[in-house]
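Chemist: Okay, here's what each chain looks like letter by letter:
Number of protein chains: 4
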Amino acid sequence: MTETTARPARELKVAVIGAHGRMGSEAVRAVEAAHGLSLVAAHGSGDDLGDLGGADVAVELTVPAASPGNVAHCVARGVHVVVGTTGWDEARLETLRAQVADAPAAVTGGAVGVLIAPNFAVGALLMMSFAAKAAPFFESVEVIELHHPGKVDAPSGTAARTAAMIGRARDEAGCDAVPDATTHDPDGARGARVDGIPVHSVRLRGLTAHQEVLLGNAGEMLTLRHDSFDRGSFMPGVLAAVRAVADHPGVTVGLEHYLGLA
Amino acid sequence: MTETTARPARELKVAVIGAHGRMGSEAVRAVEAAHGLSLVAAHGSGDDLGDLGGADVAVELTVPAASPGNVAHCVARGVHVVVGTTGWDEARLETLRAQVADAPAAVTGGAVGVLIAPNFAVGALLMMSFAAKAAPFFESVEVIELHHPGKVDAPSGTAARTAAMIGRARDEAGCDAVPDATTHDPDGARGARVDGIPVHSVRLRGLTAHQEVLLGNAGEMLTLRHDSFDRGSFMPGVLAAVRAVADHPGVTVGLEHYLGLA
Amino acid sequence: MTETTARPARELKVAVIGAHGRMGSEAVRAVEAAHGLSLVAAHGSGDDLGDLGGADVAVELTVPAASPGNVAHCVARGVHVVVGTTGWDEARLETLRAQVADAPAAVTGGAVGVLIAPNFAVGALLMMSFAAKAAPFFESVEVIELHHPGKVDAPSGTAARTAAMIGRARDEAGCDAVPDATTHDPDGARGARVDGIPVHSVRLRGLTAHQEVLLGNAGEMLTLRHDSFDRGSFMPGVLAAVRAVADHPGVTVGLEHYLGLA
Amino acid sequence: MTETTARPARELKVAVIGAHGRMGSEAVRAVEAAHGLSLVAAHGSGDDLGDLGGADVAVELTVPAASPGNVAHCVARGVHVVVGTTGWDEARLETLRAQVADAPAAVTGGAVGVLIAPNFAVGALLMMSFAAKAAPFFESVEVIELHHPGKVDAPSGTAARTAAMIGRARDEAGCDAVPDATTHDPDGARGARVDGIPVHSVRLRGLTAHQEVLLGNAGEMLTLRHDSFDRGSFMPGVLAAVRAVADHPGVTVGLEHYLGLA
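Protein chains in written order, with full-length UniProt numbering: chain A, 1 to 262; chain B, 1 to 262; chain C, 1 to 262; chain D, 1 to 262.
Source of the hints: derived by calculation from the structure; they are not laboratory data. As the structure is a prediction and not an experimental result, all values here were calculated from the model. Take these hints with a grain of salt, some might be off.
Because identical chains share one entry, a pair is satisfied inside a single copy or across any pair of copies.
Stated by the list, open to error - List time: in silico SDA-like cross-link candidates among lysine to any residue, alpha-carbon distance up to 20 Å:
1) 151 / 185
2) 133 / 171
3) 13 / 34
4) 151 / 219
5) 133 / 35
6) 133 / 205
7) 133 / 244
8) 133 / 225
9) 151 / 29
10) 133 / 77
11) 151 / 182
Okay, chain A solo, but in the shape it has when bound:
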């Protein structure tokens, strides 16, 4: 029989690990509603993962202490993994790369793929990628991040990463430091410097997670802004990762590499 569409011959089977957390329960709903994906297991934290319900791909959304063990369990069974849990430092990544190198073939065929994704918001990834690309063309760059007033750390992790990406892009292009004639700022209104880039943190009731990158030249300004209104904004990125992970064998850090943004 001839296939006439691009639709895969069978559905991808997906397991969610950490299915009762805030992100995990959103992921369960998103997988159930998605074309071409089939939810085969929803594990709470601490559950025995067993054979993961025969999954092709696992989505791992737990806590830093549990994540490496969960991912190793999947990899050892040839199950691809999309990881949204934080805490993956270089030592953990090194161990994971060795585990993946020793893993059996993936249940989908080919080699096992693992994505470690600090951020699934496609819009935020685009903003960061564009900021790094644009920064060498401008004299001035500053970052403003705005969050709800319950956030305990400043600046946000996304703002710090954005500033680091901007700083590196400007260094590689041989840019001068951003101009700043400030000599009198007794209360610190000029904010933080991250890799030479000024970063400002606003905390406001009603907001969720927002960021603006301002780039200025004589006579012009370019503004890149991302607004994340609720956690639902992460799910298109999670689904895109689930669909693409089998095509990216080995360990990848950052969803931007799947999206052609890096």
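Following the hints, put chains B, C and D in place on chain A, whose structure we already have.
Modeler: Here is chains B, C and D on its own, set in the frame of chain A:
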């Protein structure tokens, strides 16, 4: 003969003191181009003011060291004054009020009027007035000011005054402090606090003078923003002050009192 | 929402009519959580209202067909009413005013008060009030409203009311029409005109209800923006109305009259 | 503008044609102030161009009627040309390509290069490039352009080009049409459609040339905005083109091709 329009019977005669400075030369051009105003004198700093060319109203745009002497000279001759020079602290105002009380009748009739105006930008005055009015209705308020990178002080004077007006309005209404759970901010990304209100200063090539007041409640945000693209934005306020000063005898601080905004 | 008066000696007793609808169920939760308010009845639509649980104030959030009967029931028993239901045209208001004039004394003492409120979002009311106040000071004014793509009408009711308020304020101040040299606009990019003010409607997935008023003079722009992220943003206005209605005898249309904004 | 290559061994000699126009006089000043460039000729329109002062590169900023002749004169002498004049349709480009193919070697060595650049604002080019790249990742996209009220056509050429680039990118990616439930829009508040993308034109005193691209998904929005405050914003792009044209033999349309944005 019957007058059929509201146009005054004769033109107002205007002198500009500090006519060769940046603001002063703009004021000369603006007075020359305005309906109902006639430029009769344009004094450089250090010029002998003499009889001010027979002016009804003087516009004083010089430097803090010269301003009190210039204004006293005008007041003693019954000439109304619109003052844009900075440095008028309470001691100077006290002296000025005594001079005005002892002054002869104004050349236009009635008592002499003096306006001390830290800011002539009508849009900026509206922003500040609206910010103070709105602030008690919101849990959170923050101020972001953005200027060219040649500015030496942070925050701007306008931002500091805005925050002070907001802080006072909230105190009078019995508002709680703005919510802020920040416990970790090693580099000062949360900016300055002025009268309890967070203030952030951005410096960017291409910008002139801009300010945003963000007000947040659960589920909503109100944003008040003023952009000043060039000094021309001050002239409508200067002209409005020149036309109104004779109707406001005594010493007034702030153009907002002439515009019904205070 | 700030409480600007001393705490009342006893709690206000509140009934919610239409307690199972989207707005009504939010109101039930908000009253239960509020200082100084006590929920004494939560009626579904069609319930017999009876003595309203002995309420001092009723919040009426039903449908246009039921609202006049519910309000009349309350007024006849001396219970103040805060009404968020739409459909109150002039004929209905006329009937209501007669009912209020004939009503017994309020259970709280004094005369009965009724508020008909088309919009409880305090931030939106502030934006509209500020737009009307600022508009005569500027040459140019335009309105941009932005909503979710499921909205069927354009422009939004709030945008049309804002433009009407701006148009009236400019007419009363004798302003010229907004400047516009457009001679070639084959596809209607310049948007709608409402009372002479250009209005633009954006529809975008991810948005809820947002509006921007842009005001321009030579060299400056003032921007007033309101973002409504969810229905929770209406509750501070509902609670403010409940607390204030007993101090406003008779029929009032528009929460802005309680807030000193009109 | 950043210099990303080593400083050339000798200065580039530059002629400006159309040196007394608004753009041309800015270009003269910019070349004189730039590192590594030396102004060797400044021709008014109608001047005999002669040997162009021995220039390596000419900047052509005249009028559509004169531009092809000027460019042909340069090409025939092996002088590279950066062209900011409009009116270069496909027929003119075809003729130019033939002239370049027959030209002698460039005075700098290698083959002659010509850049036809409809837009030198680097920030605007970045905005357009980013908009096209991001558009396939979002359900909704709309464009708002804002200009001074003396502009006669709507939408702006930049907005129309941006919408066309977005429309093409979405078609190639197989995106659905943008969602829009509007059924009632009697006055055209929804604006124009260009290649399926809604475009809105604002005209406001105080503005110069500004554009915003709004991209929306469930729960998130990405905003790309470019503000052009004055013509000075074009000069970094002109200088970048002058420095790069010798490395791009043949005819190139669009500065984005020199900047790695296309």
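Chemist: Against the structure shown, which of the earlier numbered hints fail to hold, in ascending order?
Modeler: Hints 5, 9 and 10 not satisfied by this model.
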